[in-house]
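Number of protein chains: 2
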Amino acid sequence: MSGRPNRIDFPVSQIRRYLEPGPIVLVSSRCQGRTNIMTMAWHTVMEFAPSLVGCVIASGNHSFQMIRDSRECVINLPTTSLTDQVIGIGNTSGAKIDKFAHFGLTAEDAEQVAAPLISECHASFECRLYDDSVVERYNFFIWEVVRAHVAASPRHPETLHYTGDGVFMISGKIISRRSQFQPEML
Amino acid sequence: MSGRPNRIDFPVSQIRRYLEPGPIVLVSSRCQGRTNIMTMAWHTVMEFAPSLVGCVIASGNHSFQMIRDSRECVINLPTTSLTDQVIGIGNTSGAKIDKFAHFGLTAEDAEQVAAPLISECHASFECRLYDDSVVERYNFFIWEVVRAHVAASPRHPETLHYTGDGVFMISGKIISRRSQFQPEML
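Protein chains in written order, with full-length UniProt numbering: chain A, 1 to 186; chain B, 1 to 186.
If you're looking for bench data, these hints aren't it; they were derived computationally from the structure. Since this is a predicted model, take the numbers as computed values, not measurements. Hints are not guaranteed to be accurate.
[Claimed, not checked] Per the computed footprint, the stretches of chain A lying under chain B, defined by three or more beta-carbons under 8 Å from a beta-carbon of chain B, are:
no., segment
1, 17 to 25
2, 80 to 93
[To be verified] Lysine-lysine pairs mimicking DSBU-like chemistry, simulated, CA-CA at most 35 Å apart:
no., chain 1, residue 1, chain 2, residue 2
3, A, 173, B, 96
4, A, 96, B, 173
5, A, 173, B, 173
[Claimed, not checked] Pair ranges (Cβ atoms, derived):
no., chain 1, residue 1, chain 2, residue 2, range
6, A, 11, B, 34, 34 to 44 Å
7, A, 93, B, 129, 55 to 65 Å
8, A, 111, B, 102, 45 to 55 Å
9, A, 91, B, 49, 31 to 41 Å
10, A, 133, B, 176, 36 to 46 Å
All C-beta atoms in this analysis are idealised placements derived from N, C-alpha and C, irrespective of residue type, glycine included.
Pulled out of the complex, with its shape left as it was, chain A reads as follows (with noise of 0.2 Å):
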């Protein structure tokens, strides 16, 4: 069982620090009074301000029609405590199971959309979508991110990377290398 870390307002531009290393992502949805939960790694940071994130959903999975029809989505942030979680997440469809209640997350109101926070995952990203003129041919969506919420602490949280093959890469070590740029590169 994991905990829910205390997480604060963060600017919604400089989300791409956690975004950008390529992290697993958990998508939380609600349509028409129910929730889901999906497992996703297939997303790229697109432009700071707007605060933009495009990521693929295919159309197989329950999460899409939700997320299409409601037009927002969370993208939430898990560290290494919730791998089990978020395999078993990935492993399963939320056509046959209320993900929250068997994976023993907590869902959480959002401030901008009506789609839930997940309590117990580092950071929170609420999203709208913003271009959907993509879906359709690369199941490819378009949003920007209008709220986000991040734990304090740590800094650098442990995060999964997913190889493909049921093989995950942990992240590691963190370098900075500030003193080799150029100031308008930062």
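Please build the complex by placing chain B on the supplied structure of chain A, with the hints as guidance.
Using the frame of chain A, we list chain B on its own:
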């Protein structure tokens, strides 16, 4: 100085293994006889077959027009042995220097595209522009990987992941959780 790993053909449908964990990559290009390299981390896998990768190449980069005009590039995966070069490439402009020469990297002929492979990288993925319909709005290019070259070892290279602000996360330990997966999810 880094060596040049012995690289062999790799199935393009399986490159998620290298890109899905979210590493920084080096994008090499060639246009009108000139080559260039840029550092990039805003990318995502989009499909297995065809093997599609989407990425943001900001229009302020010297590479942008070269890549847009040539409609080709190579996405190269550097390891931590190239950390200084990765930072240097990201903090200089191809308008002013020849990055291959300046950073002591080898431009190797690709098989399917005119853009050069970077021999010192762990992997190089030859890409052809698959869809430019969202380039105008988001600088987002959708590529088809048409050929992949990957070093036979190590099996899990040490990669760089960017958090912004001159700070990098280095890939850490590998864990297999295959036994917790449904067969169809592998």
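Results of checking the hints against the structure:
1. 17 to 25: holds (count 6)
2. 80 to 93: That given contact holds, which follows from 6 residues of the segment 80 to 93 of chain A lying within Cβ reach (below 8 Å) of chain B.
3. 173/A with 96/B: holds, 34 Å
4. 96/A with 173/B: Between residue 96/A and residue 173/B the Cα gap is close to 34 Å, so the pair holds against 35 Å.
5. 173/A with 173/B: holds, 10 Å
6. 11/A with 34/B: 34 to 44 Å: Given about 39 Å between the Cβ atoms, the range holds.
7. 93/A with 129/B: 55 to 65 Å: For residue 129/B against residue 93/A, whose Cβ atoms are near 36 Å apart, the range 55 to 65 Å is violated.
8. 111/A with 102/B: 45 to 55 Å: Taking Cβ atoms as reference, residue 111/A and residue 102/B lie about 48 Å apart, which means the hint holds.
9. 91/A with 49/B: 31 to 41 Å: Violated, at about 22 Å.
10. 133/A with 176/B: 36 to 46 Å: At 38 Å between Cβs, range holds.
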